[in-house]
Every structure is written in structure tokens, then in C-alpha cells.
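Trainee: Sequence:
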Amino acid sequence: MNFDSNYLLILLFFSFMGYLIGSVPFGLVLTKMSGLGDIRNIGSGNIGATNVLRTGNKKIAFLTLILDGSKGALALFLLTSILTKTSILSLYNYELIISVVAISSILGHCFPIWLNFKGGKGVATGFGTILFLNLIVGIIALIIWVLIAKLFKISSMSALISYFLIPFLMVFNSAENYFIITSIFISLICWFQHRENIKRLLNRKEPKI
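First residue of the sequence shown? That's 0 in numbering that gives the first Met the number 0, and the numbers climb one at a time after it.
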């Protein structure tokens, strides 16, 4: 594939847009708007839905989950709409651009510039992007997450198991190599963000939901 300067600029532009959309800290915004304080000073200090749940407000936690999950898919949907209305698709690889946006939106959630690059763990946002890339894989991964969460009552464990299996699910359900590689990157990001949880799980000190 010929990566000319225009192609690189296009990839940089779409990845930047994906990053900005992914970096919106819904958990922080919603808890402050609801008078629950700064979520970064509560529980684990994470801005994700699991930590928002520790405020005791299930509605805000659920809304955070939905919005964090939606922003990954939203970034892909909006940028796909732009692609279909331009001549970019006839010149460049759609799957590669979408893959770059998927990864950058999750990086935006995990490392938002507005919060000194200290964001969430990418679980919900990752699910949103996986659902967009391959609906079957996304649904199966969500079912696995729910089943593990109900069985063990540990959010991090269900996320780690789900994201460990996602690349394998993608291999068997997608013929697009870019999406398979993307699922591997997304899973690695998720596991990296859960490194402290992994330590607590190994020491059997990870709190339950």
C-alpha cells in the first residue's frame, strides 16, 4: 500500500477527531452535574462507570456506561459518514482509516488531554468500537462480560476475560485483517489499563461490584 503524504494527513486527521470524541469524560461531567462531586476523588479515582457506581447513584453509572460505550461507536459512525460523502473512499483504504479511528477513540478515553492523560480503562468505549467493527463479536463479548460479572461479581475480571477472547472471536468472525489487528490493540490497551486490577486479582484483594 502506498502511504503518500496525503494519506498520512488523512489518517492523522481522522485519528485526531476520534481521539477528541473519545476523550469526552462523561463520568466526570455527569457526577459533577449531579452534585456527586469529583469522581476522581471517589473510590479508585477512575472516571468510568464502575467507579461512578461507587457513588451509589445507579442511574448516573448506567448513563455513564451508555455514553462511554456510545462515543467509540459515534466516532466511527460520524467519520464513516464523512468518508461516504467524499472521494476519500475511492482513493484510500476504508478499513485502515476506521481501524485507526477505533484505536484513537479508546486512547482518547484512556488518556484524555483535558485530565492530564488520566482517564478510564476503555472497557465500555472498547465495546462500542467492537460492536461497530463486528456486531457478532461485540454481542458475544458483551454476553461473556455479563455472565462473568454475574458469576464472580468482579468488574475487572469480566473485562479482562472478555478482552482476552475478543481477538479470537474476531479471527473466527471477520475476514478483515485490519479489524483483527485492531481488536488485538484494543485488548492490549484494556489489559494495560487494568494492570493494578490484575495485581489485586492475583492477591485476591480486588473489590466486588
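Please keep in mind that the hints were generated in silico from the structure rather than gathered at the bench.
You may find that some hints are simply not true.
Stated by the list, open to error - Per label pair, the in silico range of CB-to-CB distance:
no.	residue 1	residue 2	range
1	Y93	L201	38 to 46 Å
2	F61	L150	28 to 36 Å
3	K117	L187	12 to 20 Å
To be verified - Straight-line alpha carbon distances no greater than 25 Å define the calculated PhoX-like cross-link-like pairs of lysine-lysine that follow:
no.	residue 1	residue 2
4	K57	K204
5	K58	K84
6	K198	K149
7	K149	K117
8	K84	K149
9	K152	K84
10	K58	K198
Keep in mind that this is a model prediction, so the values were computed, not measured.
Cβ atoms here follow ideal geometry from the backbone N, Cα and C, with glycine treated the same way.
Trainee: Each hint needs a verdict: does it hold in this structure or not?
Mentor: How the hints compare with the structure:
{"no.": "1", "hint": "Y93 x L201: 38 to 46 Å", "verdict": "holds, 41 Å"}
{"no.": "2", "hint": "F61 x L150: 28 to 36 Å", "verdict": "violated, 21 Å"}
{"no.": "3", "hint": "K117 x L187: 12 to 20 Å", "verdict": "holds, 19 Å"}
{"no.": "4", "hint": "K57 x K204", "verdict": "holds, 24 Å"}
{"no.": "5", "hint": "K58 x K84", "verdict": "violated, 37 Å"}
{"no.": "6", "hint": "K198 x K149", "verdict": "holds, 22 Å"}
{"no.": "7", "hint": "K149 x K117", "verdict": "violated, 29 Å"}
{"no.": "8", "hint": "K84 x K149", "verdict": "violated, 43 Å"}
{"no.": "9", "hint": "K152 x K84", "verdict": "violated, 45 Å"}
{"no.": "10", "hint": "K58 x K198", "verdict": "violated, 30 Å"}
In terms of the numbered hints stated before, the structure departs from hints 2, 5, 7, 8, 9, 10, listed from lowest to highest.
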